[in-house]
Structure formats: structure tokens, C-alpha cells
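Novice: In order, the protein sequence lines correspond to chains A and B.
The numbering used here puts the first sequence at residues 32 to 483.
The numbering used here puts the second sequence at residues 31 to 95.
Treat the hints with care, since some could be wrong.
What the hints assert, rightly or not - Straight line, CA to CA, 20 Å or less: simulated SDA-like cross-link-like pairs of lysine to any residue:
no. : chain 1 : residue 1 : chain 2 : residue 2
1   : A       : K374      : B       : K72
2   : B       : K38       : A       : Q376
3   : A       : K405      : B       : L66
4   : B       : K72       : A       : G282
5   : A       : K297      : A       : E319
6   : B       : K72       : A       : K405
7   : A       : K381      : A       : E319
8   : A       : K374      : B       : A71
Derived from the structure by calculation, the hints contain no laboratory data.
Computed from a predicted structure; not experimentally measured.
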Amino acid sequence: MLITEAAAQLRAKRVSSVELTRTCLAQIEKLNPKVNAFITVLRDEAEKAASERDAELAKGVDRGPMHGIPIAYKDLIFTKGVRTTCGSKVYENFVPDHDAKLVQGFAAAGAVVLGKTGLHELAYGITSNNPHFGTIRNPHDLERIPGGSSGGSGAAVVTEMCFMAMGSDTGGSIRIPASFCGCVGLKPTYGRVSREGCFPLGFSLDHMGPLARSTRDCAASLEAISSLRNSIPAQGAASIKGLRIGLPSNGFLERTQPEVAAAVRKMADAAAWLGAIVKPVAVPNIDEINAITRMIQFVESTAALTPFLDRRDAFGTDVRALLDQGRLVSGVDFLNAQRLRRKYQREFAKIWNEVDCLFAPGTPTTAPKIGQTKITVDGVEDDVRLVTTRPARTANLFGLPTLSLPCGMDPSNLPMGMQIIGRPWDEATIIRIGAALEDANVAPVQKPAILG
Amino acid sequence: MPDATTPKDWKKIAQASGYDIPEAQLEAISPALNTLHNAFAKLPAMLTAEDDPAPLFSPFAEDGR
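Using the sequences and the hints, build the whole thing.
Specialist: Next up, the structure:
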């Protein structure tokens, strides 16, 4: 069931929030031991909140589309009185004395909080293979990673443990798990959703956003915590006629698993069939953009963790290595990276004169195996993290809104994902395109077999 | 004088900065740092004096920060 469907059924009194919540809790009890999506489950609190939301609806108090909907937060989002570990040893006993601003937003919108989802340690990685809270597993194949860093959120959504889980995205951390797990992820424009009360990994690169089972569910979630309004198209009425869609002629579709590239092109063909104008577009060099982004992230992430850098044993091997690399970047290189950021931002923005959005792979491959460190694409072997984040970082550097949308299954029966990258502040257009493609049912994604 | 693309000696940089990064760790992270440095080092040459930085990148944030 989707948020939009549950919202209708709640109002028709065909289901209650308590029933929805108990169904999710039962799913957590059944499947969390297998996938390890949740770090903290708030069973009693969730049932109490659901009961209150039902009572409100009975009295005619309706807080909107998220009213009574069971959701979860990535465990780097501050929740008052509830442990917020950031998936780390350094924050393992951290109990915030206030809610994040987005948590306040969902509370006002009437959402029911089921708990906190697991993540890659400190959100600094893409595997969600967490040395402190255990390995999070991909529900489609338990021997594979769910992606990260919001791996618990992606796994929880596709196993129907919750209707939506919030994630954060510094270098693809919403879009990568959405792609590997086969759900929708929406990284909004930088600044659209408050980062107040969210652990910072990259001050100028962090974006908070939802992972859910449909584009409309992501849009409803985003509207609850931002100024975005009227972005949710009516079912079957998401027209994309005349919209200009760019298919990158360089960069994004290179060094990509052939099935993934073909799936993205198939989605572009479907968009054209629905009336959009699809055209090739040249984009600035994304490998240079990635080098700039990584230079900035190294420094911002190490700076964010400065108080803990002398506790070397508190970090997992991979995170410790990244933090050490950040210490060795020079101030001149960091500042030049910022200067280059603005220069490339201007170059990239010229694309919006030609097209309204870009189609690109969500990830260049489907989910790698747990423990896999190298991957070969187009005959070139490279680091899994670098390959996976390659098409993602551009949207972080320039703060661009990006929808990660499932686009079919590969021959190994693993989900493939694509990105729809939009103009700053134009979430409405990418939501419209995602909804139209979903309505057309172009590339159905199978549910994980463990759902039975 | 070395140009921007001259490989950096990460061990010396760590020592000079007083960082307590073990030698084995420096050995382990040097290849990744070299790869990033090689990808990045040529880019600043395209900058002009008019290219000012974006150290507080904020495209009209709505989050009240």
C-alpha cells in the first residue's frame, strides 16, 4: 500500500492508523532480523501516536496526507529523548534534547514515527556495512548491500516496514539505496528541507529527503516538511507533454552496466511516447565535477568530526581512512575547489536553456555483494564507492533536485535505478515526470522475494 | 619549483602538520589521495581572478539557518 492509498482509506474509515502502524511493526518484527534496517523501534510510542491520530480524524481534525502514516527517520536525524547514533560509536549514547526541524514538520503533519533506521557509519559511505550496528542487507538479495548511506531507510521501505523513511544525501546517499533497493528517493534542492537537527557530513553538500514506494509518496512527504506545495499530480493526470528531457551524450551514461544504460534509454523512449521532447545534451565533465566535490567533502566531513579525530579506534576502517584523507587536503586546494564549484555551476546551468531535466543512471550498476571492494564496468576495474557515486555527486555540488526512480530489474533480478535531475527549486517538474512514468508502468520493479 | 601536478608527499605533509596518522595508514591512503590529487590538480589552472569562491554555498536556503 502507498501513502496516497492509505490516506484515502484512513479517511474512508476502511483502515485505522493503529492498524497501519501494527502492520508495519509486525513487518519489522518479522523481517528486521534478516535485513537489519532499524536500529531503534519505538513500538509503544508509535501505537500511542497512531491512536491519537485516529481520535483526531474521528473528531474531524485532518492534518493532511501524512496524517496517521507510519514513517521512520534515518538515525542521524535528531529525535528528542530518543537515541540518535549516527550509526557510530562516537554518538552511540547521544540522546538529543530537541527534535530536528523536519521531525517537527512531520509531527505537525500527523505522521506516526516507528523508529530510527540504520546507516553507513556517520553516513560516510555507500555500503551500510556498519561495524557498530551490524550489516544492513539488500532485501532483494541478502548477500548484497542495500546501498548507502541511507541503507536502512531503503531496506525498510521496500520491505513495507514503513511507508516512508527519511534519508540524507551528501554524495548520493538517498539515491543510491533507492536505486539498489528498488524504491523512489527524492533529494530536494539544497536548502529546501532544513538541516537543523541533522548530523552534518558535508555542510554545503547535505540534503535531507524521503525514500518511499512511489513518486507521489515522496512528494507528499516533502510537502510536509518544506514550502513546496501542489506538487502531487492526480493519479493518471501527470502530463509531461512538451517537457524537454535531456539525455546526456557524455559523462553520465558512460562506464555504466549495459542493462542500466539501456533501462535509462527505455525510460526516455517512454517519456517521448508520453509527449516529452527527448534530446541529447552535452554536459560538463562529471569526473572533474566529482574531483571538486570530493575535495570539498573531504574537508567538510573531517571538519564536522574534529572533536573525535583523536579517538581513532572509535571509527571503522573505511571511515577512519576517509577522515585521515580529509586532514591532508590543503587549504588552497579546498578554496580552489570552491572557486571551481561556482565556475562549473555556471557552466552546468546553461543546460537549463536547452532542457527542463536530465535523465541519468541512479547508479552505474546494480547492488554489489557485501564486502565487495572492486567492481568492473566497461572493462575497467575501480573502487565500488567511486563507481557507485560517479553519477550522483553533480547534484550535490550544485544543489540540484533529483528524483531516483526504479527503472526495471537486471538479469540477476536486481533493481535498477535512474535519476531525473532538475533545475534548482523545480522539484515539481521532476515529480511530474516520475509520476507520469509510474502511471505508464514502463518498468515495474518486483517486490523482494522475502516479502513472500 | 614544483607545479600543481607534482605528486605530494603525504607523509611529510602529515608530519609537518603534526597529525597522528600512523605510517601504515598513510601508506594505505596515499594511492587514493594521489588519484584525487591527479584528477584535481590541473583544474585550478582554468581559474581567473574573477572566479571567487563559494565557501558558504547557499542557493537561497529556506531552512532559516
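Novice: Would the pair K381(A) and E319(A) pass a check requiring their Cα atoms to be no farther apart than 20 Å?
Specialist: holds, 17 Å
Novice: Can you confirm whether the C-alpha distance between K374(A) and K72(B) stays at or below 20 Å?
Specialist: At roughly 15 Å apart (the allowed maximum being 20 Å), K72(B) and K374(A) satisfy the hint.
Novice: Can you confirm whether the C-alpha distance between K374(A) and A71(B) stays at or below 20 Å?
Specialist: holds, 16 Å
Novice: For the pair supplied as a hint, K72(B) and G282(A), is the alpha-carbon distance within the 20 Å limit?
Specialist: Given pair K72(B), G282(A) holds - Cα atoms ~19 Å apart, limit 20 Å.
Novice: Please verify whether K38(B) and Q376(A) have alpha carbons no more than 20 Å apart.
Specialist: Violated, because 28 Å separates the two Cα atoms, which is more than 20 Å.
Novice: Need the status of pair K297(A), E319(A): alpha-carbon distance at most 20 Å?
Specialist: Distance ~28 Å between K297(A) and E319(A) Cα, so the pair is violated.
Novice: Would the hint linking K405(A) and L66(B) be met if the CA-CA limit is 20 Å?
Specialist: Satisfied, since the Cα-Cα distance of roughly 17 Å is no more than 20 Å.
Novice: Please work out if K72(B) and K405(A) have their alpha carbons no farther apart than 20 Å.
Specialist: Given that 20 Å is the threshold and the Cα spacing comes to 27 Å, the pair is violated.
Violation of the numbered hints given earlier is confined to hints 2, 5 and 6; the remaining hints are satisfied by the structure.
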